[in-house]
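*Asks:* Chain residues, written in single-letter form:
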Amino acid sequence: MDNNKKTLFDKVWDAHVVETIPDGPQIIYIDKHLIHEVTSPQAFAELEARNLEVFRPNQIVATADHNVPTINQELPIRDELSRNQVEQLTENCKKNNIELFGLGHQYQGIVHIIAPELGITQPGMSIVCGDSHTSTHGAFGAIAFGIGTSQVAQVFASQCLLLNKPKSMRITVNGKLNENVQSKDVILYIISKIGTDGGTGYFCEYAGSVFEEMSMEGRMTVCNMSIEMGARGGMIAPDTTTFDYVKGKIFAPQGEEWENKLAYWKTLKTDEGAVFDKELEFDASDIFPMITYGTNPGMGISVRESIPVPQNESETKALQYMGLKAGQGVSDVKVNHVFIGSCTNGRIEDFRTAAQYIKGKNKSDNVNALIVPGSQQVVKQIYEEGLDKIFNDAGFQIRQPGCSACLAMNDDKIPEGEYCVSTSNRNFEGRQGQGARTILASPLTAAKAAIEGRISAFENLN
Amino acid sequence: MQKLTLIKSRAVPLPAENIDTDQIIPARFLKSIDRKGFGENLFRDWRFNIHTGEPNPDFVLNHAEYSGEILVAGNNFGCGSSREHAAWSLTDYGFKVIISSYFADIFKGNALNNGLLPVKVSEEFLKDILTNITENPGLEIAVDVEGQTISFNGKTETFELDSYKKICLINGYDDIDFLISKKQVIKQFELKTQKYEQQLF
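In the order they appear, the protein sequences are chains A and B. Under the numbering used here, think of the first position of the first sequence as 1, with each following residue one higher. Under the numbering used here, think of the first position of the second sequence as 1001, with each following residue one higher.
Keep in mind that the hints were calculated from the coordinates and are not lab data. Even for Gly, the Cβ is constructed at its ideal location relative to N, Cα and C. The reader is advised that the hints may include incorrect statements.
As the list claims (entries may be wrong) - With the Cβ distance kept under 8 Å, some of the chain A side facing chain B (calculated, not the full set): (1) 21; (2) 29; (3) 38; (4) 50; (5) 67; (6) 88; (7) 153; (8) 158; (9) 159; (10) 164; (11) 230; (12) 232; (13) 314; (14) 409; (15) 428; (16) 429.
To be verified - In silico DSS-like pairs for lysine-lysine, Cα to Cα no more than 30 Å straight-line: (17) A:266 - B:1192; (18) B:1192 - A:261; (19) B:1166 - A:278.
Let the hints inform the model, and build the full structure from the sequences given.
*Replies:* As structure tokens, then:
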């Protein structure tokens, strides 16, 4: 092995090592710390209890997203606990001089949607947030991962974390994607092949023509779900698509600084001959529109397949919970709800795709269809592009930005026993509400399910 | 953080695989701004009937014969969300050790930051423990942090534990103490890499 050859991950990681503790972890410097109302209050309290100050408030950005209503955001939050949590964030940010894009702010939205769209997320950075889907930002060639609240407090106190370097893994997908296959289908396919623990202990680089040809929105969807295969994070080497996306964003570097950074960002790719701890390869032509049928994101099949026979007790229990049987086609499922949104698929491209399919059609009478834009900026785009009219005409409800029915901390819950085709990231038991049955899918498959009231393959219709 | 050195206790078997943090503590209980009190909602929707709120007689935490400071769980425990509330709910309930054949990364880190020890054992050893405690709920399991061993019925397996984290557990130290002691090095790093000048606002 040639030790001079480095992976993309090595390059970014090594650039952030402050110190290596002999026979122990490394001190890793954090460039950007994103915070929200649910996983930060206890960290602020910890700091106060120890009489410590926030070390680098300028490197922290806050928003309210997890626990906010998606209706009447301009009014006080009705639920007392939620209101208290959001108010606490406001107070903590004020006290510690932290920039907050709170409810009503033009930049408010889901933390993993707003940081990229504002240019806060940039290649080569180290980014953390008390949320496992922080892996999203890896789409820019950043090292980004979710942390617990104790670690949020550590970053507050020192702008650093103590970490052991994860192992490296590369997933390569080459070839041409089939018609109607979206980035969501690609990642659901990968997770269905390697399972929810296939990436545990690894940081994963996605490589190959499929990712090279993807838009930034598509890459974010892929990296977002890295955590669902257990990986600490995912990343994609920055290229022209990345630079074009970042350029001109509100907080992106400008002028000479832009040129200097760009020159550095161009070096951020895996050297030829660099060795990964694990390598996997898939063929794009094997991937078809996907859905999940169980209670973890690894239980996925193509829309055309029938539900497989359970291999163990946990899978049997999952089918029971979902009210599904082995051998059954998913087209039998009567869809009650469709949710298009979340940090996985709440970006403008996702709504454009859905709108394009929905245009001129009406939602099924049996379906409650929810459009939850990922941010205020996405809302603005939806209205500017006239997508709101398409959604309204088809009978979809357009809500205000937040995590919404992805984790159902607010009122956007799916009732017990009902099926929701959801563009979010987790189909765990009760994730979208007690007893709710979640079927994960791409925005296109979800839009189609909303129109038809069931899930069907594309070739029968188009 | 509380010190953790030697734990001798009965154990609770929960053989389900891929137990995610949404099961450990459902999102609707994350509205608290405090660290305390999450134990009462640990495994809420498995532990209590979702309609009546009555204890679910099929769930192991409602079985009087099982108790103790050790939870023995199926493969890939703690996957999903980064919510540290999962670790808080387990410690608040009274668990000090979780045994499984695999732990999700973020959960593992969160557990260690709260003096909750994730003990990764081989699949055979896990199966063996589960069979034995199911047959004999009174069985005592011993976990030695210093020696990194887990034993029951005269059988022993060693487990991995980062030497730094071991010192933290045994002495009750946490990462904040350590990182604060490194402030000068961190400031030098910022100067060297011009990090602090790259401010956003």
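*Asks:* Does each hint fit the structure? Answer for all of them.
*Replies:* Against the structure, the hints:
{"no.": "1", "hint": "21", "verdict": "6 Å, holds"}
{"no.": "2", "hint": "29", "verdict": "6 Å, holds"}
{"no.": "3", "hint": "38", "verdict": "5 Å, holds"}
{"no.": "4", "hint": "50", "verdict": "7 Å, holds"}
{"no.": "5", "hint": "67", "verdict": "6 Å, holds"}
{"no.": "6", "hint": "88", "verdict": "5 Å, holds"}
{"no.": "7", "hint": "153", "verdict": "6 Å, holds"}
{"no.": "8", "hint": "158", "verdict": "4 Å, holds"}
{"no.": "9", "hint": "159", "verdict": "7 Å, holds"}
{"no.": "10", "hint": "164", "verdict": "7 Å, holds"}
{"no.": "11", "hint": "230", "verdict": "6 Å, holds"}
{"no.": "12", "hint": "232", "verdict": "5 Å, holds"}
{"no.": "13", "hint": "314", "verdict": "4 Å, holds"}
{"no.": "14", "hint": "409", "verdict": "5 Å, holds"}
{"no.": "15", "hint": "428", "verdict": "4 Å, holds"}
{"no.": "16", "hint": "429", "verdict": "6 Å, holds"}
{"no.": "17", "hint": "A:266 - B:1192", "verdict": "21 Å, holds"}
{"no.": "18", "hint": "B:1192 - A:261", "verdict": "16 Å, holds"}
{"no.": "19", "hint": "B:1166 - A:278", "verdict": "28 Å, holds"}
In this structure, none of the earlier numbered hints is contradicted; all agree with it.
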